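Line by line, the protein sequences are chains A and B. Here our numbering is used: the first residue of the first sequence is 1, the next is one more, and so on. Here our numbering is used: the first residue of the second sequence is 1001, the next is one more, and so on.
Note that these hints are calculated values from the structure, not bench results. Heads up, a few of these hints could be off.
[As the list claims (entries may be wrong)] Residues from chain B shown here face chain A by an in silico Cβ test under 8 Å; the list is partial:
#1 1045
#2 1057
#3 1103
#4 1104
#5 1120
#6 1143
#7 1146
[Said to hold, decoys possible] Label pairs and their computed distance ranges (CB to CB):
#8 B:1026 - A:451: 37 to 45 Å
#9 A:6 - B:1123: 35 to 43 Å
#10 B:1026 - A:95: 55 to 63 Å
#11 B:1079 - A:39: 39 to 47 Å
#12 B:1048 - A:371: 50 to 58 Å
#13 A:130 - B:1030: 55 to 63 Å
#14 A:352 - B:1157: 37 to 45 Å
#15 B:1084 - A:60: 19 to 27 Å
#16 B:1145 - A:273: 52 to 60 Å
[Unchecked claim] Quick look at which bits of chain A chain B covers, simulated, 3 or more residues with Cβ under 8 Å:
#17 214-226
#18 272-278
#19 298-312
Bear in mind that the values here come from a model prediction, so they are computed numbers and not experimental data. Even for Gly, the Cβ is constructed at its ideal location relative to N, Cα and C.
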Amino acid sequence: MQQRVELTEREINRDLLRPNLTLQLRFFVVVAVCGAIVAMAGGALAYAIIKGVGVYGVNRPVMWGFIIVNFVFWVGISHAGVMLSAILRLAQAEWRRPATRAAEVLTMFALGTAALHPVLHTGRQWRTLYWVFPYDFGRGIWPDIRSPFVWDPSAIFTYLSGTIMFVFILLVPDIAVLRDRTTGIMNKVYTFAALGWRGNARQWQFQIIAGILLSALILPVFVSVHSIVSWDFAVAIAVEGWHATIFAPYFVIGAVHSGVASVITFLAVLRWVFRWESYIRPEHFDALARLMVVVATAWFYFLVVDFAMGFYTGEPAEIALRYAQMGEWPGNMLFIIFMATGYVLPIPLWLLKNVRQSPMMMFWSSLFVNIGMWLERYILIIPSLAKKQSLTFAWGHYAPSPIEVMLVIGSFALVTLGLVTFCKFFPIIPIYDVKEGRAFEQHIRIGKVNVPAVFREE
Amino acid sequence: MANKSILGVFQEVDEAVTAADSLKDNGIEDFEVLTSTPYPEGAFGEKPSHHRLYVFPFIGACLGFSAAILITAGTQMAYPLVTGGKPLLALPSMFIICYEGTMLGAILFTIIGVVFESRLPRTGKLAPYDTRITEGYVGIGVDVPEDDVEKISNIFKEANAADVHLEAT
């Protein structure tokens, strides 16, 4: 792969800082549109608070609807971000350089948005504090740590705090670059945020160690968080289709599948919007697509095992659930779309080099994956609850209310708003990482061709 | 006698290495190399630095684990409610929260360790510094007695420094 372009450090600064140092109309347009959608979602939430959760489409026995589906979706998106960054850092993969921060920042905003969802779902949002915060607010009653609804906040809080700190500490050298190129109030802000960074050998030494050490620490957290999200379902022993031992690894690999796909989508948009063809190159999409083939197939294996074991039991309730997921309207239609977009269409495409190296094709195929993965969460959650359980007196279907639909749309706008705002104020591609790659790059002659070779310190 | 900080700014890495070698030839081993990107340790012949960063995550993990034990065991003991004849302390649930607490402590203290060992944050004016360093120039900073300022400036100039900054410390 010889798609690299020779660039000086000045040119790298110019290109990668352009979004931060220039005012662009499209930034304000995107902020205005996303801000308006978020405001409408805020209005929908206010209505739900005033009227109560009756305005949601949830009802017995389907007490978890679109908001919980969306919660699992955003937690999934958030997971692959830091996972991807951490694994590539630990493996010292050269092609990581333009992708790591985008992945980490996507994690930050997706996870923050995901964390809002259980709160939105509860109806009386202020009461969630009583349920999860370790303090006896009333009558000496403490939160019940045996509940997965306490495990979840503890895991998400750990992951979100860790991710924010991870992003910030690795951002400091690039904030210093901004500090050196701004004036006025922004210079004061960047000077404060750069913590007095000078770029001496000792500071660089700890940047490198921090990248590797924090990656090693955050990877087990990544695994634990989606495992715990899966246990929200798997410990519910009365719900068919949920009480499965395979759920934790199945959720984790599903999260990686949708998360890596979302990183690809984000990188394709960055490349197109900022014209960063010299930085986010076809070789990066190619490498990510190869990774996706492995991840998607591993996820598909878990999906098949989950369904196969369900059928293998031969229990009427389990068979009825699988029929609802795959045979009844609208489950059958959603299942076909889910399988087509989540696996059947993208995988053969990613086997073709032309597709893997086409940012446009990778954008659409990765977007399809996330449509499929959103539907996967829907198929997993709603039909299981909609089936008659042994100890319930009611069963029925679920239809999302306009309020829930608005909140889901608002969540996408919120994540987009966060990403756009971050890109406006901070470099989304790690400048020093790109420069390091260039500094250590040499062209060597092998036979009749000159190929770029990168050496690194042991 | 007051010390002065001198910063030589070099456009090329090789020029900076020449300057660093000349400093060492003149008995100055303690100098600071400022770059825009991490170079391999010892690339400029600077002294290797020692650190205790790896202690921080362990301390953080211990503190996080202790806090999690306190919360999980403490909250169950504070309102003892035996459920289904099971032990009062639910160990599987405690393990999950203790795991998260341990990892949170380890990550938090790693960040503190990185900031502390990097000698950050530094407040006030950055001295000596040149904004061209983030454009690929290499800076070599050294603190010397006032009498040696001219000698060091000459070393930098002989190594083809693009600029030499002088500031009092």
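Here is how each hint holds up against the structure:
1. 1045: Violated, about 11 Å.
2. 1057: Holds, because the Cβ-Cβ distance from residue 1057 of chain B to chain A comes to roughly 7 Å (cut-off 8 Å).
3. 1103: 5 Å, holds
4. 1104: Check passed: Cβ of residue 1104 of chain B comes within 4 Å of chain A, closer than 8 Å.
5. 1120: Status holds, d = 4 Å.
6. 1143: At about 13 Å, which exceeds the 8 Å cut-off, the nearest Cβ of chain A leaves the hint on residue 1143 of chain B violated.
7. 1146: This interface hint is violated because 23 Å lies over the 8 Å limit.
8. B:1026 - A:451: 37 to 45 Å: 42 Å, holds
9. A:6 - B:1123: 35 to 43 Å: About 39 Å separates the Cβ atoms of residue 6 of chain A and residue 1123 of chain B, which means 35 to 43 Å holds.
10. B:1026 - A:95: 55 to 63 Å: 44 Å, violated
11. B:1079 - A:39: 39 to 47 Å: With Cβ atoms ~42 Å apart, the hint holds.
12. B:1048 - A:371: 50 to 58 Å: Holds: the Cβ-Cβ distance is about 52 Å, inside 50 to 58 Å.
13. A:130 - B:1030: 55 to 63 Å: Between residue 130 of chain A and residue 1030 of chain B, where Cβ atoms are some 58 Å apart, the hint holds.
14. A:352 - B:1157: 37 to 45 Å: 59 Å, violated
15. B:1084 - A:60: 19 to 27 Å: About 25 Å separates the Cβ atoms of residue 1084 of chain B and residue 60 of chain A, which means 19 to 27 Å holds.
16. B:1145 - A:273: 52 to 60 Å: Holds: the Cβ-Cβ distance is about 54 Å, inside 52 to 60 Å.
17. 214-226: It holds, with 6 qualifying residues against the three required.
18. 272-278: violated (count 0)
19. 298-312: violated (count 0)
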